[in-house]
Amino acid sequence: MAELKNFEADRETAWCPGCGNFPLRTALSEALTEMDLNPEQITMFTGIGQAAKMPHYIKVNGFNGLHGRSLPPAVGMKLANPEMTVIVESGDGCSYGEGGNHILHNIRRNLDIIHLVHDNQIYGLTKGQASPTTGYDIKTDVQTHGINAEPFNPVRFAVGMKASFVARSFVGDREHLKEMIKAARQHRGYALIDIFQPCVSFNKVNTYQWYKERVYKLKDHDPSDYEAAVRLADEFGDKIPIGIIYKEEKPTFRDRIPFLGDRALVNRKVEVQDMEYLLDEFK
Amino acid sequence: MAELKNFEADRETAWCPGCGNFPLRTALSEALTEMDLNPEQITMFTGIGQAAKMPHYIKVNGFNGLHGRSLPPAVGMKLANPEMTVIVESGDGCSYGEGGNHILHNIRRNLDIIHLVHDNQIYGLTKGQASPTTGYDIKTDVQTHGINAEPFNPVRFAVGMKASFVARSFVGDREHLKEMIKAARQHRGYALIDIFQPCVSFNKVNTYQWYKERVYKLKDHDPSDYEAAVRLADEFGDKIPIGIIYKEEKPTFRDRIPFLGDRALVNRKVEVQDMEYLLDEFK
Amino acid sequence: MDLNILIGGEAGQGLKTVESLLTKTFSRYGYYLFSSKDYMSRIRGGHNFMQVRISDEKIDGPDPGIDLLLALNEETVEIHRDDVNEDGIIISSSGEEEDDIVKIDAASMAEEINPKAVNTVFVGTALKVLGLPITEAEKVLEEHFADKKSVIEDNKKLLKKGYEAGKQLFNLKDLGTKKDRMVIDGNSAVGLGAALAGVSFYAAYPMSPSTGILNYLAGKQEELGIVVEQAEDEIAAINMVLGGSYSGMRSMTGTSGGGLALMAEGVGLAGITETPVVIADVQRPGPATGLPTRTGQGDLLFAVNISQDEFPLMVLAPKDQEDAVYQTFRAFDIAEKYQIPVIILSNQFLADASKTIDRINLDDLKIERYFVDEDQVEEEYKRYKYTADGISPRAYPGQLKGQIVLTDSDEHDELGHIVEDGEKRNMMVKKRAKKLQKLKDNDLCEPDYYGSDKPEYIFVGWGSTAGPIAEARKMLSDEFKVAQLAFGDVWPLPEKTIREKAENGAELIFVESNASSQFARLVRSETGIKADYSIVKYDGRPFSGREIYRRFKEEVK
Amino acid sequence: MDLNILIGGEAGQGLKTVESLLTKTFSRYGYYLFSSKDYMSRIRGGHNFMQVRISDEKIDGPDPGIDLLLALNEETVEIHRDDVNEDGIIISSSGEEEDDIVKIDAASMAEEINPKAVNTVFVGTALKVLGLPITEAEKVLEEHFADKKSVIEDNKKLLKKGYEAGKQLFNLKDLGTKKDRMVIDGNSAVGLGAALAGVSFYAAYPMSPSTGILNYLAGKQEELGIVVEQAEDEIAAINMVLGGSYSGMRSMTGTSGGGLALMAEGVGLAGITETPVVIADVQRPGPATGLPTRTGQGDLLFAVNISQDEFPLMVLAPKDQEDAVYQTFRAFDIAEKYQIPVIILSNQFLADASKTIDRINLDDLKIERYFVDEDQVEEEYKRYKYTADGISPRAYPGQLKGQIVLTDSDEHDELGHIVEDGEKRNMMVKKRAKKLQKLKDNDLCEPDYYGSDKPEYIFVGWGSTAGPIAEARKMLSDEFKVAQLAFGDVWPLPEKTIREKAENGAELIFVESNASSQFARLVRSETGIKADYSIVKYDGRPFSGREIYRRFKEEVK
Ligand SMILES: Cc1ncc(C[n+]2csc(CCOP(=O)(O)OP(=O)(O)O)c2C)c(N)n1
Ligand SMILES: Cc1ncc(C[n+]2csc(CCOP(=O)(O)OP(=O)(O)O)c2C)c(N)n1
Ligand code: SF4
Ligand code: SF4
Ligand SMILES: [Mg+2]
Ligand SMILES: [Mg+2]
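Residue numbers (my numbering), protein chains in the order written: chain H, 1 to 283; chain U, 1 to 283; chain Y, 1 to 557; chain Z, 1 to 557.
Incorrect hints may have been included.
[What the hints assert, rightly or not] Restraint-style ranges between C-beta atoms, simulated for each label pair:
id : chain 1 : residue 1 : chain 2 : residue 2 : range
1  : H       : Glu175    : Z       : Glu223    : 46 to 52 Å
2  : Y       : Glu143    : U       : Glu3      : 53 to 59 Å
3  : H       : Lys212    : Z       : Glu96     : 42 to 48 Å
4  : Y       : Lys116    : H       : Lys182    : 56 to 62 Å
[To be verified] Computed from the model, here is a short list of chain Y residues facing chain H with C-beta under 8 Å:
id : residue
5  : Gly266
6  : Leu269
7  : Ile367
8  : Asp408
Hints are computed from structural coordinates only; laboratory data are not their basis. Computed from a predicted structure; not experimentally measured. For glycine and all other residues, C-beta sits at the position ideal for the given N, C-alpha and C.
All chains, please: the whole structure from these sequences, using the hints.
Spelled out as structure tokens, the structure:
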């Protein structure tokens with residue numbers, strides 16, 4: 001039986017007191033426990049940033065790679081071991097900024113993974129520059145007069161890309177977040193959850209309060225309705241919907257590789273001496 | 001007075017006979033002439049690929065940079081010289097594959113530029129691998145069983161991003177393409193034209209014929225209607241709309257830099273001795 | 001017996017088919033082959049050519065002289081006529097029939113039968129001119145067009161027509177098929193080496209001249225049950241394969257210089273996370289886009305010093321197509337044994353040239369994976385455990401019951417957790433450095449040494465210049481006491497042999513395809529040994545033995 | 001007089017404010033300062049500290065001994081107590097009042113007035129302990145909180161409370177304000193140098209420890225009328241600034257090693273397109289993420305050999321904060337004169353440390369842009385015209401009437417059009433190489449030489465180790481004949497001075513913050529000169545003069 005304490009990493013975090021990363025970690029640990037998973041059945045791929053330190057603070061297999069590159073290494077894991085529960089996790093800067101090209105193309109690949117974005121609408125670790133999701137009303141040491149570009153709406157982008165599962169959640173609602181994580185794991189294919197995660201040190205606008213006043217839980221929305229999803233994805237103002245915005249069942253990356261079946265390539269047995277036939281083509 | 005021959009580059013091209021790049025070049029030269037522009041008023045930024053060789057075959061200022069990096073250098077030009085007509089031009093692989101992160105974020109920047117994508121749904125110069133826009137029905141030396149990822153629909157993506165001008169055209173309809181180029185230049189802000197451009201050497205599926213049977217010109221579509229645009233953007237099957245799919249007037253990159261005004265930074269005069277005041281802060 | 005055939009024409013005219021039919025035929029008649037390509041960066045038009053050299057002895061490289069010129073268009077005659085040897089012959093469709101020109105009207109022959117198969121006429125005429133029979137060529141045709149059965153007959157007819165239109169001018173013999181040989185190009189050789197080593201995941205972004213590796217492995221995915229994935233960019237490619245390797249699969253990527261530049265940070269990630277990975281850099285001239293379809297050796301110092309700060313890595317450069325198979329196999333072994341990135345420095349010359357080599361001996365090839373045994377793991381598995389030789393126990397996620405595997409791009413402790421203190425940093429840097437030392441002590445290949453025992457001159461080269469240098473050495477050996485040091489492993493640098501040889505007073509002549517003689521600079525930096533001369537070339541074309549011979553005469557003696 | 005203050009506490013406790021208030025105050029009393037930072041890679045918590053060294057003479061670097069320890073939390077006392085000098089003093093809120101501990105109950109003093117301003121109490125106490133008056137500190141407070149007027153009074157009150165709670169234990173004097181000095185950190189110095197050079201466009205992606213340059217220039221955008229843009233990634237950053245430079249603006253980017261790795265291909269693009277660009281690499285330990293907030297000099301060989309194949313580039317490493325201003329200014333000049341990329345190798349130690357320097361003399365600084373004159377252009381403008389010195393006429397689009405400017409990443413002809421033939425390739429490679437030769441002949445700075453005329457030992461260093469080495473040299477000069485070679489330009493390597501000095505038989509001791517003594521390897525590769533010793537350090541912390549002194553004794557003598 002899975003137990004919550006299995007996931008406890010015996011380490012002090014480098015997060016600030018009050019940071020939204022703590023409730024996110026709690027929700028994640030609880031969701032994993034409730035899904036009856038054990039640490040060795042899960043691998044987490046992260047980039048660099050405050051969010052990306054997660055594999056040091058929760059006990060699962062972890063590949064804490066390069067800034068912006070949390071997604072690509074997960075491709076390798078899904079080929080090696082399809083049974084592994086793969087979580088890609090990182091900040092908004094890492095996932096949508098430096099890593100933009102990978103999210104663009106991995107939505108297309110539709111790997112069976114869960115992608116959790118800690119969206120604090122700021123670069124935390126590097127001390128408060130604008131991230132792609134930073135809003136117009138924030139000025140920073142670099143964005144001295146506000147941002148030079150339109151804020152990125154990851155949910156609208158992902159729906160426009162017809163990602164197979166697009167959700168939004170908020171660390172201030174732990175039950176909701178857990179529900180989303182569970183749904184993401186249940187979903188076959190790429191599942192993006194953009195998670196509002198207040199940064200108490202650098203984002204003085206998008207606070208717990210700010211989100212609480214705006215988020216509302218979706219009811220009676222049919223996530224398979226693309227046009228409805230497009231409309232909801234565009235709501236980012238006084239009211240912001242949380243929940244599963246869009247969902248479509250379609251072939252996963254592995255499904256599209258016809259000869260792969262359910263094989264775990266990590267178990268592939270190779271006998272050099274059986275490959276004589278490879279030489280014959282060069283006769 | 002501008003003359004068509006002004007744009008003629010006295011060079012043999014490296015394109016294959018019958019390639020869709022030729023009519024594209026013709027339409028572009030004609031559109032520039034009809035807009036009464038001269039070569040020195042235009043700068044073209046390209047990446048690497050067959051499409052990207054354009055500045056060698058049409059006489060304008062040209063920066064033929066790196067594969068995937070056609071967009072970023074244009075940012076510098078728009079700051080140096082806002083009067084310059086800036087054309088970013090490259091292939092589908094260059095623009096949407098290697099360069100994916102730049103299109104993602106330059107849509108947000110909304111520079112006042114024209115982005116022409118030669119969409120032949122294939123990697124031409126490297127001899128026929130799948131590009132992001134390659135369809136399911138193509139097999140290649142690398143994609144031996146077809147593509148492992150869902151084809152990228154650049155128009156749906158750009159509309160989902162609310163790019164300020166999104167159009168699609170086809171080299172088989174020269175007048176239409178000219179019209180689109182002119183509209184793109186008239187538009188203040190980033191204008192993407194995804195142009196169907198048959199590759200006669202490597203793409204045996206998406207031929208002139210294939211496109212001709214499918215494309216239809218938009219009538220009575222209001223490009224400012226986002227939801228209508230979303231619906232049209234999703235049409236990519238037996239019928240494919242060409243024309244301006246989405247258009248929204250919004251602040252450009254320069255507009256968002258309040259102190260910039262209409263200054264051309266290339267004309268900035270700098271006197272070192274006038275900058276004594278910069279030292280005082282370190283007293 | 002040594003004969004050179006140049007096949008020239010436009011891109012898109014099907015030179016490759018002509019070359020393929022001819023070389024297969026020669027090979028079956030028992031000839032050794034060396035066939036290299038000179039391509040423009042375009043799909044149609046322009047001027048491309050291939051040089052096929054055949055001999056009854058092993059061949060090491062190309063030769064600029066032409067005995068038989070197969071001109072698929074008129075331009076080919078114009079461009080190459082001056083390089084035709086005194087008693088050389090031209091086969092051409094245009095111009096007048098002259099003493100040295102065999103004129104065939106290939107177009108009209110093909111018109112009635114199949115205009116697309118026009119090139120086959122040239123193959124037929126060439127065989128006749130050379131004095132070889134047509135029978136093997138017919139079989140080769142059948143195999144070549146096995147997918148398109150309908151055209152086999154047309155091609156056979158045109159082969160015959162061409163044959164009949166020619167006249168015998170050379171006197172080649174059927175030497176009998178040799179079963180213990182292969183003809184292979186350098187890209188396929190790297191691909192084959194990887195396949196034999198058990199690569200399960202290859203991810204790459206297309207880039208000339210490395211795409212052949214991608215194509216080779218992609219073509220084998222289904223039968224081997226492996227996955228070849230085209231990445232969205234080179235950054236994704238390297239990070240994908242690192243994820244694959246972390247997950248327990250042998251994983252590899254390949255690219256050319258520009259792509260390697262984009263992978264630089266990822267190579268450092270492999271270094272600090274101690275994730276094995278094999279990376280093929282098929283060099284072309286740069287910087288930036290440079291000459292995309294040409295050859296060079298300009299990436300040496302870049303590869304050796306790739307990425308910020310320091311970490312153990314190995315760089316090796318296969319000397320020919322045969323070596324490429326074995327070295328690629330070895331690269332996987334070293335990568336996993338030492339848990340480091342290994343860069344294979346190939347180049348367009350090696351990659352695109354086909355050579356007759358001895359059949360690969362699979363008996364010598366053993367795969368060892370070096371994963372930790374479950375029963376040797378302590379209570380809490382430590383991915384980065386300090387050990388005497390710096391090599392920590394490697395496991396993949398899911399391998400060890402009840403254990404997790406944590407790997408980190410930040411400096412870390414034995415468990416893989418982020419650390420910031422100076423002591424732990426020092427320990428980890430030292431741990432990683434020990435691996436490089438062990439590699440140097442145990443697994444480095446000293447360069448091959450050939451030629452005079454007491455040489456006046458030693459040619460020093462690395463990678464694919466080995467063959468052309470060998471030819472030059474042989475040509476010079478009548479006049480001088482010359483020798484050759486052919487390096488395959490270049491980083492860490494094997495120092496023993498060159499130190500010994502340098503002490504004996506011979507003059508060292510470095511031969512390299514780059515502008516600043518990078519290998520000479522590397523050797524000097526590591527050993528203090530200084531090049532007496534450097535013969536460098538950076539025009540994008542391969543060295544031939546003749547050119548090295550000539551330049552030796554001009555620049556050295 | 002030489003005094004060391006260490007201020008320690010958690011991230012987020014406001015150490016920076018304490019440091020800023022104190023250093024400003026000291027400076028106005030006429031003291032020279034050197035203030036360096038030791039930060040963890042986190043926002044709150046952990047243990048950070050700053051070392052402020054003050055003297056009545058110029059200071060070259062940090063010193064590990066502590067005369068006054070300002071402990072903002074208890075942990076600071078635990079960690080640093082052992083480093084407190086014999087007659088050193090600790091100011092702390094916790095523990096017992098002892099002989100060497102001045103205990104102040106800062107928290108309760110602040111509670112009534114303003115708990116957020118608790119740190120100001122420490123500033124007051126420190127001034128009292130040191131024997132300095134409080135008046136200047138009050139003015140500094142007013143300026144510091146000019147944006148938040150409401151808190152000025154609270155802070156002043158707490159300053160006073162702290163002052164009154166202390167007792168005088170040192171005897172510092174007011175030396176009188178010196179108008180000809182500045183206190184500046186290395187990142188601001190690079191930013192200032194760029195601003196003075198007329199940078200009009202700076203694009204970068206945030207990365208510790210380089211972000212300070214971005215912040216400095218961003219803060220000046222409006223008043224200078226320039227643009228600072230945060231790019232989506234480092235690849236975009238370098239390509240943006242190349243576009244800016246092509247368009248005629250002085251353009252620059254900055255990053256740390258991982259970002260530089262991502263820029264590698266773009267640096268090559270600058271090389272082949274001959275587009276001037278200045279790139280600051282503020283080094284931290286790697287590879288990959290490494291130790292993000294620490295210092296090192298591990299990127300030297302990577303920077304020198306950056307990107308595939310070869311092209312002229314310059315790498316220079318500022319020796320201190322003053323040099324950083326002038327060298328950054330010079331980097332723009334060299335970049336435009338030679339149309340090449342120039343990499344400034346700074347590091348976290350230089351970047352984050354503040355030092356008292358002589359006020360920058362603007363009279364010495366002249367901007368020249370080197371654009372071609374309209375009337376010197378022939379009928380068809382040739383961007384890559386062959387010239388005797390390899391430098392072609394540079395124009396930006398729109399500059400020349402009726403002319404276009406074409407630039408290409410492929411190998412190209414004089415007009416900028418793609419070429420593939422070998423001859424043209426050779427011409428262009430040679431043209432570019434000539435520029436590097438000219439730079440070597442005309443514009444290279446030989447290293448500074450200090451110390452004994454007939455030394456037994458010469459310390460060789462590059463960049464920001466100059467100060468600590470100078471301290472060690474002075475400490476050793478009683479016992480040995482020692483000298484110092486301080487390199488600023490590192491690539492191309494200025495060879496003259498080191499050759500001269502090496503010939504005189506002194507032993508060369510290379511001092512570097514990297515594991516393999518990269519500069520020694522570079523010097524050997526270019527000159528054959530071999531290091532007799534290398535004192536290396538790679539734990540992410542800066543060298544102090546004392547440490548070099550100690551290691552000299554341990555490892556050399
Ligand atoms: C190649 C590279 N560029 C830049 C950085 C510096 N960097 C580290 S984290 C970070 C941004 C973090 O923001 P985000 O991803 O939103 O994570 P957060 O800290 O907010 O959780 C940056 C720019 C880096 N480590 N590597
Ligand atoms: C960094 C880098 N990676 C790969 C390449 C090789 N390359 C050149 S063009 C190209 C693809 C071209 O496809 P596309 O952009 O669609 O242009 P097309 O040739 O089809 O017009 C590739 C992969 C390169 N030049 N640089
Ligand atoms: S900086 Fe912001 S996101 Fe990072 S730990 Fe602190 S509060 Fe959380
Ligand atoms: S390869 Fe295709 S896209 Fe390129 S020139 Fe030829 S036909 Fe055109
Ligand atoms: Mg963030
Ligand atoms: Mg294309």
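The hints, checked one at a time:
1. The hint said 46 to 52 Å for the Cβ distance between glutamate 175 of chain H and glutamate 223 of chain Z, and at roughly 51 Å that hint holds.
2. Separated by about 57 Å at the C-beta atoms, glutamate 143 of chain Y and glutamate 3 of chain U satisfy the suggested range of 53 to 59 Å.
3. Between lysine 212 of chain H and glutamate 96 of chain Z the beta carbon distance is about 47 Å. The supplied range of 42 to 48 Å therefore holds.
4. Restraint check, lysine 116 of chain Y to lysine 182 of chain H: a C-beta distance of roughly 60 Å satisfies the suggested window 56 to 62 Å.
5. Evaluation of the glycine 266 of chain Y hint against chain H yields a held restraint, the C-beta minimum of about 7 Å falling below 8 Å.
6. The beta carbon of leucine 269 of chain Y comes within 5 Å of a beta carbon in chain H, closer than 8 Å, and the hint placing it at the interface holds.
7. This hint holds: isoleucine 367 of chain Y has a C-beta 6 Å from the nearest C-beta of chain H, less than the 8 Å allowed.
8. Checking aspartate 408 of chain Y against chain H: minimum C-beta separation of about 5 Å stays under 8 Å; hint holds.
The structure fails none of the hints (numbered hints given earlier).
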